[in-house]
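These protein sequences, in sequence, are chains G and Y.
Per my numbering: the first sequence ends with 473, consecutive numbering throughout.
Per my numbering: the second sequence ends with 317, consecutive numbering throughout.
Accuracy of the hints is not assured; some may be wrong.
[Stated by the list, open to error] In silico negatives: residues of chain G with every beta carbon more than 12 Å from chain Y:
hint : residue
1    : 135
2    : 141
3    : 318
4    : 375
5    : 405
6    : 417
[Stated by the list, open to error] Quick list of the computed label-pair ranges, beta carbon to beta carbon:
hint : chain 1 : residue 1 : chain 2 : residue 2 : range
7    : Y       : 75        : G       : 417       : 29 to 39 Å
8    : Y       : 55        : G       : 381       : 32 to 42 Å
9    : G       : 417       : Y       : 260       : 17 to 27 Å
10   : G       : 106       : Y       : 125       : 53 to 63 Å
11   : G       : 106       : Y       : 119       : 26 to 36 Å
12   : G       : 280       : Y       : 283       : 26 to 36 Å
13   : G       : 43        : Y       : 308       : 40 to 50 Å
14   : Y       : 304       : G       : 243       : 47 to 57 Å
[Said to hold, decoys possible] Partial selection, computed: residues in chain G whose CB lies under 8 Å from chain Y:
hint : residue
15   : 261
16   : 344
17   : 379
18   : 380
19   : 383
20   : 387
21   : 388
22   : 389
23   : 390
24   : 391
25   : 422
26   : 431
Just so you know, these hints were derived from the structure itself, not from any lab.
We put the CB at the ideal spot given by N, CA and C, even for glycine.
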Amino acid sequence: MFMARYTFTGGIHPNDGKALSKDKPIRDYLPQGDLVYPCSQHIGAPAKPVVAKGDHVLRGQMIAEAGGFVSASMFSSVSGTVKAIEPRRVVTGDLIQSIIIENDNEYKEVEYSDPVPLEDMTKQEIIDCVRNAGVVGMGGAGFPTHVKLSPKDPDKIDYCIVNGAECEPYLTSDYRRMLEEPEKVVSGLKCMLALFDNARGIIAIEDNKKDCISLIKSIVKDDPRIFVKALKTKYPQGAERQMIYATTGRAINSSMLPADAGCIVDNVDTVVAIHNAVINRQPLMERIVTVTGDAIADPCNFRVHIGTNYHELIDAAGGFKEDPVKIISGGPMMGFGIFELDLPTTKTASALLCLTRDDVTAFKSSACINCGRCVEVCPGRVMPKVLAECAEHYDNERFVELGGMECCECGCCSFVCPSKRPLTQSIKSMRKIELAEQKKRAAMAAASGEEKK
Amino acid sequence: MSDLRLKVSSNPHVRSSVTTSQIMAAVVIALLPAAGFGIYNFGIWALIHILICVATTVLTELLYELMLKKPITIGDMSAVVTGLLLALNLPASAPWWIGIIGGVFAILIVKMLFGGIGQNFMNPALGARCFLILSFTRIMTDFPDIGDGLSGATPLGQIKAGLPVNIMNMIIGRTSGTIGETSMIAIVIGACFLILLGVIDLRIPGSYIVSFVLFIIIFSGHGFDGAYISAQLAGGGLMLGAFFMATDYTTRPITKIGQYLFGIFLGIMTGIFRIFGPSAEGVSYAIILGNLIVPLIEKITYPKAFGRGGERI
Ligand code: SF4
Ligand code: SF4
Numbered sequence: 021m022f023m024a025r026y027t028f029t030g031g032i033h034p035n036d037g038k039a040l041s042k043d044k045p046i047r048d049y050l051p052q053g054d055l056v057y058p059c060s061q062h063i064g065a066p067a068k069p070v071v072a073k074g075d076h077v078l079r080g081q082m083i084a085e086a087g088g089f090v091s092a093s094m095f096s097s098v099s100g101t102v103k104a105i106e107p108r109r110v111v112t113g114d115l116i117q118s119i120i121i122e123n124d125n126e127y128k129e130v131e132y133s134d135p136v137p138l139e140d141m142t143k144q145e146i147i148d149c150v151r152n153a154g155v156v157g158m159g160g161a162g163f164p165t166h167v168k169l170s171p172k173d174p175d176k177i178d179y180c181i182v183n184g185a186e187c188e189p190y191l192t193s194d195y196r197r198m199l200e201e202p203e204k205v206v207s208g209l210k211c212m213l214a215l216f217d218n219a220r221g222i223i224a225i226e227d228n229k230k231d232c233i234s235l236i237k238s239i240v241k242d243d244p245r246i247f248v249k250a251l252k253t254k255y256p257q258g259a260e261r262q263m264i265y266a267t268t269g270r271a272i273n274s275s276m277l278p279a280d281a282g283c284i285v286d287n288v289d290t291v292v293a294i295h296n297a298v299i300n301r302q303p304l305m306e307r308i309v310t311v312t313g314d315a316i317a318d319p320c321n322f323r324v325h326i327g328t329n330y331h332e333l334i335d336a337a338g339g340f341k342e343d344p345v346k347i348i349s350g351g352p353m354m355g356f357g358i359f360e361l362d363l364p365t366t367k368t369a370s371a372l373l374c375l376t377r378d379d380v381t382a383f384k385s386s387a388c389i390n391c392g393r394c395v396e397v398c399p400g401r402v403m404p405k406v407l408a409e410c411a412e413h414y415d416n417e418r419f420v421e422l423g424g425m426e427c428c429e430c431g432c433c434s435f436v437c438p439s440k441r442p443l444t445q446s447i448k449s450m451r452k453i454e455l456a457e458q459k460k461r462a463a464m465a466a467a468s469g470e471e472k473k
Numbered sequence: 005m006s007d008l009r010l011k012v013s014s015n016p017h018v019r020s021s022v023t024t025s026q027i028m029a030a031v032v033i034a035l036l037p038a039a040g041f042g043i044y045n046f047g048i049w050a051l052i053h054i055l056i057c058v059a060t061t062v063l064t065e066l067l068y069e070l071m072l073k074k075p076i077t078i079g080d081m082s083a084v085v086t087g088l089l090l091a092l093n094l095p096a097s098a099p100w101w102i103g104i105i106g107g108v109f110a111i112l113i114v115k116m117l118f119g120g121i122g123q124n125f126m127n128p129a130l131g132a133r134c135f136l137i138l139s140f141t142r143i144m145t146d147f148p149d150i151g152d153g154l155s156g157a158t159p160l161g162q163i164k165a166g167l168p169v170n171i172m173n174m175i176i177g178r179t180s181g182t183i184g185e186t187s188m189i190a191i192v193i194g195a196c197f198l199i200l201l202g203v204i205d206l207r208i209p210g211s212y213i214v215s216f217v218l219f220i221i222i223f224s225g226h227g228f229d230g231a232y233i234s235a236q237l238a239g240g241g242l243m244l245g246a247f248f249m250a251t252d253y254t255t256r257p258i259t260k261i262g263q264y265l266f267g268i269f270l271g272i273m274t275g276i277f278r279i280f281g282p283s284a285e286g287v288s289y290a291i292i293l294g295n296l297i298v299p300l301i302e303k304i305t306y307p308k309a310f311g312r313g314g315e316r317i
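Work the whole structure out from these sequences, hints included.
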């Protein structure tokens with residue numbers, strides 16, 4: 021049991037590619053062209069625009085308000101004029117209602133309310149700050165952070181975990197952030213700890229980032245509530261459930277929330293956003309994006325204004341030195357393959373990865389040889405080979421019975437399969453279908469329940 | 005930049021470089037020491053059998069797929085593995101056509117008719133061997149004299165008859181038997197290569213060998229007799245079976261616990277066949293029986309998902 025600490029069973033060691041951008045300090049990038057803010061860049065209800073075409077906005081001004089409790093507001097990251105409110109394409113390929121702002125390049129900012137020391141704030145005030153700043157999980161999920169910070173029973177939270185694993189290959193944004201602004205990470209965690217009286221703070225970092233570990237250790241050494249934990253370097257160490265298991269030994273399944281196991285997990289960028297929201301009273305307007313890959317002339321880590329067009333980021337990184345065959349928004353294991361660059365940077369976009377080779381189409385998939393590699397690496401401890409078979413036969417029932425819903429879509433199974441079978445893809449589509457069906461069943465049950473009344 | 009031709013696919017966007025054909029090629033390489041020793045031990049006929057078997061299995065697969073207009077899969081090298089394994093399980097003194105019958109049976113009946121690679125429930129090479137033993141018993145159980153004055157008696161046969169054996173010769177492989185089974189050293193060298201490459205692991209061979217040893221200690225009547233145990237380990241098809249046939253991906257359980265159970269089952273069955281059976285050998289039948297109960301083993305050892313009680317495997 022103790023041996024199992026600091027890591028999890030399964031997982032893989034893909035080529036990490038981090039050397040390309042690891043030593044590049046964060047560079048500020050100021051957007052040149054129009055900025056695009058899709059109203060739905062988080063989980064939950066879309067935000068509702070509160071500006072109209074032709075309005076002049078300042079940097080930091082709210083342009084769309086949260087559409088409910090599980091939703092997040094949006095703020096302009098530049099000053100300028102609202103040019104249009106119309107559907108625009110996002111990384112998933114969907115058309116999403118978006119606010120387009122013409123940048124006047126003056127960066128005139130709104131006046132933020134005066135900071136109040138953390139000690140003098142009530143818990144509700146802290147949560148309100150986070151909520152009013154539009155903070156969402158910036159690791160990729162985009163779950164509104166204030167919802168995460170408001171569990172049913174705050175006293176039952178034992179751990180606030182900062183996820184600094186950055187286990188996805190190629191990504192170095194969290195690494196640079198922890199190296200260059202460690203105080204902000206620690207301060208953000210302190211804001212979280214102020215909400216949970218019984219909680220301890222854990223900053224969990226993979227042991228390939230030794231410099232971050234010692235740096236942050238030296239900063240928190242006098243804080244009795246905060247601990248740094250070095251995790252084994254392995255993908256997907258940063259997946260929420262694997263992270264919680266590695267740091268606390270608690271195992272949760274797909275139908276539980278981290279809070280059910282007494283944990284709140286947020287990634288590095290999110291924790292810094294919490295710091296900015298609570299301490300500086302500033303809304304979420306920027307994030308760190310790694311622009312990298314073997315097709316990029318000068319791989320970089322940029323501090324990007326949310327809404328910046330991907331074209332601009334590629335140009336800022338020196339453009340392409342070779343034609344890319346595949347461009348991924350996010351990391352290579354869980355990111356989205358995109359087919360054009362005319363897309364905006366959203367709150368959840370951690371990287372822009374441009375590769376000159378596409379492994380997926382380079383290999384032909386062949387029959388499964390039952391080698392067991394997928395079973396060996398699956399962190400969900402299910403049998404990808406069998407689940408993919410169920411998915412191919414649309415056998416929902418067996419799929420669910422065999423634990424299909426416990427898959428976290430990490431991609432390890434497809435990665436290792438020597439027959440190059442698209443296991444993750446099959447399982448992912450089946451999960452989508454099943455989730456939709458569960459929703460339908462729940463809705464029908466609710467409707468029939470009402471009829472009975 | 006609008007002329008970018010980008011490929012889009014579902015995640016993950018990277019793949020490991022290991023492919024099916026590489027794995028099969030590694031198995032072929034790992035079998036070469038045993039094959040080489042067989043040629044040294046039994047002479048040119050061993051080589052002829054190997055070539056005939058491999059040619060037959062590859063051609064059978066190719067012709068079958070050509071005739072049925074299916075995608076050609078011989079590039080995955082699995083037919084080569086089957087052919088080589090089959091040859092290593094033949095006596096060098098067998099007539100030349102035996103490999104052709106065995107090879108066609110292995111590929112056509114055991115593998116392709118069940119849907120090709122990954123679908124067969126029985127190891128093709130072993131299935132063919134058992135078929136040949138049943139149909140051509142005399143040919144398949146008549147082993148050549150290798151010039152040690154024992155006129156083709158296998159060490160296991162001698163043990164069964166209560167005669168003394170030379171254990172050193174058994175470990176090196178200077179004994180009679182099928183082409184590839186005699187040299188424990190050559191087989192273990194190949195197995196180590198596969199283990200280092202991560203193609204196989206010790207779960208099945210380890211539990212197989214350990215449970216077999218325990219079984220003979222308890223039931224053979226020889227008790228804890230080091231010489232007897234080493235002779236049983238080095239003799240017959242145990243090493244070749246444990247490392248190269250019981251570990252066959254398609255016909256062993258895919259679950260970890262299932263693999264241990266499978267190994268233990270094989271150990272016990274081999275012990276029963278060797279000690280209580282009429283013949284001195286038992287590995288092939290044990291593995292085939294084991295293959296048949298794989299679905300059952302997998303069913304009862306299906307893992308529990310993470311967070312549902314299965315996180316500590
Ligand atoms: S089945 Fe799901 S959780 Fe398991 S390896 Fe595949 S993608 Fe990851
Ligand atoms: S990794 Fe691929 S070939 Fe191996 S068992 Fe899984 S699906 Fe089959």
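Next on the checklist: For a quick check of understanding: which of the numbered hints are violated here, in increasing order?
Outcome noted: 4, 5, 11, 12
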